[in-house]
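K.L.:
If you want the building blocks of each chain, they are given just below.
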Amino acid sequence: MELGCTGKILVVDLTTGRIRPQAVENAVYENFLSGLGLGAWYLYHNIASHADPLGPENVLGFVAGVLTGSGSLFAGRWLVVGKSPLTGCWGEANAGGAFAPAIKQCGFDAIFFSGISPRPVYLFADGNRAELRDAADLWGLDAGAAEARLAEMHTGRKRPRIACIGPAGERQSLIAGVVHDGGRLAARAGLGAVMGAKRLKAVVLAGSQRIKVYDRPGVVRLSRELSATVQNQPPFVSGKVAAYLGRLVRALPAQMETDGLLYKMILRKWGTVGMNQMSIEMGDAPVQNWRGTHHDFDLDTSAALAPDVFTRPVVAKYFCYSCPLGCGALVEGAPGTPPAHRPEYETAMALGPLCLNADAESIFRMNEMLNQAGMDSISAGATIAFAMECYEHGLITRDDTDGLELTWGNSTAMVTLIDKMIRREGIGDLLADGSRVAARRIGAGSERFAVHAGGQELPMHDSRFDPGFALHYAVEPAPGRHTVGSLLYYEMFQLWRQIEGLPGPSRFYLKRSKYDTDVEKARMAAACSQFVNLINAAGLCLFGAFLGVHRLPVFQWLDAVSGQPRPPADYLRIGANIQTARQAFNFRQGVDPLAIQVSDRALGRPPQSRGANKGRSVAVEKLVGEYFQQFGWDRRTGQPRKSILEKIGL
Amino acid sequence: MAYTITDLCIGCGMCKLVCPVVAIEGQPRKDHRILAARCIDCGACGRICPQAAVKDPSGRVCQRIRLRRRWPKPRISEAACIGCTVCVQSCPTSCLGLTAPGGSRESVRKAVLVSPKACIGCGFCAADCPVGAIEMINPEPF
Numbered sequence: 300m301e302l303g304c305t306g307k308i309l310v311v312d313l314t315t316g317r318i319r320p321q322a323v324e325n326a327v328y329e330n331f332l333s334g335l336g337l338g339a340w341y342l343y344h345n346i347a348s349h350a351d352p353l354g355p356e357n358v359l360g361f362v363a364g365v366l367t368g369s370g371s372l373f374a375g376r377w378l379v380v381g382k383s384p385l386t387g388c389w390g391e392a393n394a395g396g397a398f399a400p401a402i403k404q405c406g407f408d409a410i411f412f413s414g415i416s417p418r419p420v421y422l423f424a425d426g427n428r429a430e431l432r433d434a435a436d437l438w439g440l441d442a443g444a445a446e447a448r449l450a451e452m453h454t455g456r457k458r459p460r461i462a463c464i465g466p467a468g469e470r471q472s473l474i475a476g477v478v479h480d481g482g483r484l485a486a487r488a489g490l491g492a493v494m495g496a497k498r499l500k501a502v503v504l505a506g507s508q509r510i511k512v513y514d515r516p517g518v519v520r521l522s523r524e525l526s527a528t529v530q531n532q533p534p535f536v537s538g539k540v541a542a543y544l545g546r547l548v549r550a551l552p553a554q555m556e557t558d559g560l561l562y563k564m565i566l567r568k569w570g571t572v573g574m575n576q577m578s579i580e581m582g583d584a585p586v587q588n589w590r591g592t593h594h595d596f597d598l599d600t601s602a603a604l605a606p607d608v609f610t611r612p613v614v615a616k617y618f619c620y621s622c623p624l625g626c627g628a629l630v631e632g633a634p635g636t637p638p639a640h641r642p643e644y645e646t647a648m649a650l651g652p653l654c655l656n657a658d659a660e661s662i663f664r665m666n667e668m669l670n671q672a673g674m675d676s677i678s679a680g681a682t683i684a685f686a687m688e689c690y691e692h693g694l695i696t697r698d699d700t701d702g703l704e705l706t707w708g709n710s711t712a713m714v715t716l717i718d719k720m721i722r723r724e725g726i727g728d729l730l731a732d733g734s735r736v737a738a739r740r741i742g743a744g745s746e747r748f749a750v751h752a753g754g755q756e757l758p759m760h761d762s763r764f765d766p767g768f769a770l771h772y773a774v775e776p777a778p779g780r781h782t783v784g785s786l787l788y789y790e791m792f793q794l795w796r797q798i799e800g801l802p803g804p805s806r807f808y809l810k811r812s813k814y815d816t817d818v819e820k821a822r823m824a825a826a827c828s829q830f831v832n833l834i835n836a837a838g839l840c841l842f843g844a845f846l847g848v849h850r851l852p853v854f855q856w857l858d859a860v861s862g863q864p865r866p867p868a869d870y871l872r873i874g875a876n877i878q879t880a881r882q883a884f885n886f887r888q889g890v891d892p893l894a895i896q897v898s899d900r901a902l903g904r905p906p907q908s909r910g911a912n913k914g915r916s917v918a919v920e921k922l923v924g925e926y927f928q929q930f931g932w933d934r935r936t937g938q939p940r941k942s943i944l945e946k947i948g949l
Numbered sequence: 235m236a237y238t239i240t241d242l243c244i245g246c247g248m249c250k251l252v253c254p255v256v257a258i259e260g261q262p263r264k265d266h267r268i269l270a271a272r273c274i275d276c277g278a279c280g281r282i283c284p285q286a287a288v289k290d291p292s293g294r295v296c297q298r299i300r301l302r303r304r305w306p307k308p309r310i311s312e313a314a315c316i317g318c319t320v321c322v323q324s325c326p327t328s329c330l331g332l333t334a335p336g337g338s339r340e341s342v343r344k345a346v347l348v349s350p351k352a353c354i355g356c357g358f359c360a361a362d363c364p365v366g367a368i369e370m371i372n373p374e375p376f
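So the sequence lines, in the order shown, correspond to chains R and G.
Here the first sequence is numbered in my numbering, starting from 300 and rising by one per residue.
Here the second sequence is numbered in my numbering, starting from 235 and rising by one per residue.
Some hints could be false.
Derived pair list, reagent style DSSO-like, types lysine-lysine, alpha-carbon separation capped at 30 Å [stated by the list, open to error]:
id, chain 1, residue 1, chain 2, residue 2
1, R, Lys-921, R, Lys-813
2, G, Lys-344, G, Lys-307
3, R, Lys-813, R, Lys-913
4, R, Lys-307, R, Lys-946
5, G, Lys-250, G, Lys-264
6, G, Lys-289, R, Lys-307
7, R, Lys-539, R, Lys-813
8, G, Lys-264, G, Lys-289
9, R, Lys-511, G, Lys-250
10, R, Lys-921, R, Lys-941
11, G, Lys-351, R, Lys-307
12, R, Lys-941, R, Lys-307
13, G, Lys-351, R, Lys-511
14, G, Lys-307, R, Lys-511
15, G, Lys-289, G, Lys-351
16, R, Lys-511, G, Lys-289
17, G, Lys-250, G, Lys-351
18, G, Lys-344, R, Lys-511
19, R, Lys-810, R, Lys-539
20, G, Lys-307, G, Lys-289
Derived list of chain R stretches under chain G, where covered just means 3 residues or more per stretch with a C-beta under 8 Å from a C-beta of chain G [what the hints assert, rightly or not]:
id, region
21, 390-401
22, 456-466
23, 508-515
24, 520-529
25, 613-623
26, 628-641
Derived by calculation from the structure, the hints in this document are not laboratory data.
C-beta: ideal position from N, C-alpha, C; glycine also.
Assemble the whole structure, with the sequences as input and the hints as a guide.
P.N.:
This is how it looks when you write it as structure tokens:
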């Protein structure tokens, strides 16, 4: 067992009710570390080929990283992993709160569920025991209500940490996520539907086991230095100036290398919503189902969604476990209810400019509805934008929408539609499985309005603005995610400072050079994939990684935790192993990576005729082969070679 | 490694009552024993044992602290606390919590000892705090 890990996983067969701890061999930790890597290793070996994502053979895993509980900062992330019912590919969803340490405090690095329970159940574990308990009374409850009920039921000495599904997961909406901490989501890939299909309402953890670390004082010393950097917050520009900064970025033909410290300042002051107006102005946030521009949602309009508007009702910052930043925020809840979570940037943009909706109050309301139902706000907003465009073109009419006027920006209709999607009622049932499924049902050429990659609705980062996103949307084993890499991320990670041979960007460069398809772009993308896999195996937060490896001591922390120092390049190789395992998983499931297509609109085909991304298109296919080659996979097909798989024990 | 109980045990059951992870078994007036796999080395059994029958993982006999209110307690520096919640999650008895929301976007909910009576003086909060904002203090005797 590697220090920092528990050396065990908990395996639960929901069909038979059998629960067994299982020791994990050292070689697995050597090759894959923990967290995402452990999940990739386990799912590769334990999900039969061509498995039905909603069937008993799919495995749903809750995994925690090696640095969680070690004294490291930013180490409170956990992931849900499984075969995605939304894409049919490798699926993962990332979340924070305090559930990650709770997994390890029960004595496990991960908990995996297979089978389907004959009745609704939840898992209770506290380090001494793990048992499935009846959840009939919880089935049907909103996530917050279920969590509150479970907390009331488990009043032992240790306060339990809970992850659960809401009604969206129970109804197997393919855009359902897993909820924790009163309304935060591991949202993507539809893994809440997998949990619902397994009739697993919740996972309740109340353990107190300690994590063994080789040099805890050394870890803490590194953490204190980092904390001082994060706490240092010079007086920063107002929200309005941030918006004009976006306009400036749009206007200039050149840009400079971005330092993540700037992003840290924005996050610390406003959270992710600090980017709201800036992103719209510079062309990062897609508008009107990816066909619009800042002209369609101008500065006067977006002022309704300004960072200061979104932070006005905030009553306190929200911190995930071991986070020194606190980018989340709590707002006043409804009377008699605890504080709610403020919408994040992705939610604000997906329910805002993507649908031409400038009604902030409606966004707050829809955010809370989605959080309590356990539905992904990115996919929900994108699916509504898709429906609005279908409505505009007459592909669906008022007869289909139960009388709803699905016109652009109609926030009242949006609120009603979200409610219908959660309930799977009428038009809501048509849209509850995301835009690709809805387009198949509607037909009539509506596919061209569904903006996704491999079935997952694209997040609120325009690949025409940063073509690095396009490559990751297309080639990642979990397609359509914004939390892996881009040209901007590569600049912020600053990997070239510690990994020999990686290209460093120019301090100043012309923006048009971002669209050149040179081999360096593929190398940078592969490095992002490897690094973020490592981050997810360590249980770290991407926002911490944005500080750069010269500030976030990820390699030094890992050395201090294990007591076995390795060169940074070796750690990146673990990230590559994880990528190979996930890619091999997809092949086993019959996924052809070349068949994962990013919608034309997101690639600028045809290019926009105005706006920040005017005339831009992204030739992503020219880089795919190069990207595959960076991992030693077959350049033409993307299939990992047998020799590589054997080398890492797959 | 784990704490152990020697044959000085008289089976009073105090350790069993205070153990936060149900790691001690034994019948009244019979020898008790600690289940090593469950023990989290919090040391509460050693602090409460009236017979000095508990040894720590290095084999030293634990000192009883007769009055529980004199057990070490965390002192949290509000200025140094960054609100990261590590201590809250580390505490095996959930005696730490967060201050109430301050009502603004700058408000950071700091760690606070909400249930002093539940505190077992384990010091995990201080050991795990990534910014050294917690120290364990011995309350002054009356």
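K.L.:
Would you mind marking each hint as holding or not holding in the structure?
P.N.:
Here's how the hints hold up against the structure:
1. Lys-921(R) to Lys-813(R): holds (14 Å)
2. Lys-344(G) to Lys-307(G): Holds. Lys-344(G) to Lys-307(G) sits at ~17 Å (cutoff 30 Å).
3. Lys-813(R) to Lys-913(R): Holds, at roughly 14 Å.
4. Lys-307(R) to Lys-946(R): Roughly 23 Å between the alpha carbons, so the hint for Lys-307(R) and Lys-946(R) holds.
5. Lys-250(G) to Lys-264(G): holds (12 Å)
6. Lys-289(G) to Lys-307(R): OK: Lys-289(G) and Lys-307(R) at ~28 Å, within 30 Å.
7. Lys-539(R) to Lys-813(R): At roughly 28 Å apart (the allowed maximum being 30 Å), Lys-813(R) and Lys-539(R) satisfy the hint.
8. Lys-264(G) to Lys-289(G): holds (18 Å)
9. Lys-511(R) to Lys-250(G): Cα-Cα ~24 Å, so holds.
10. Lys-921(R) to Lys-941(R): holds (25 Å)
11. Lys-351(G) to Lys-307(R): violated (34 Å)
12. Lys-941(R) to Lys-307(R): holds (28 Å)
13. Lys-351(G) to Lys-511(R): Given that 30 Å is the threshold and the Cα spacing comes to 28 Å, the pair holds.
14. Lys-307(G) to Lys-511(R): This hinted pair holds, its Cα atoms lying about 23 Å apart.
15. Lys-289(G) to Lys-351(G): holds (24 Å)
16. Lys-511(R) to Lys-289(G): Given that 30 Å is the threshold and the Cα spacing comes to 20 Å, the pair holds.
17. Lys-250(G) to Lys-351(G): Holds. Lys-250(G) to Lys-351(G) sits at ~17 Å (cutoff 30 Å).
18. Lys-344(G) to Lys-511(R): holds (26 Å)
19. Lys-810(R) to Lys-539(R): holds (24 Å)
20. Lys-307(G) to Lys-289(G): Holds, because 21 Å separates the two Cα atoms, which is no more than 30 Å.
21. 390-401: holds (count 3)
22. 456-466: holds (count 4)
23. 508-515: Contact hint for the region 508-515 of chain R vs chain G: holds, 3 residues under 8 Å.
24. 520-529: Per the Cβ count (3), the hint holds.
25. 613-623: Check passed, 10 qualifying residues.
26. 628-641: holds (count 3)
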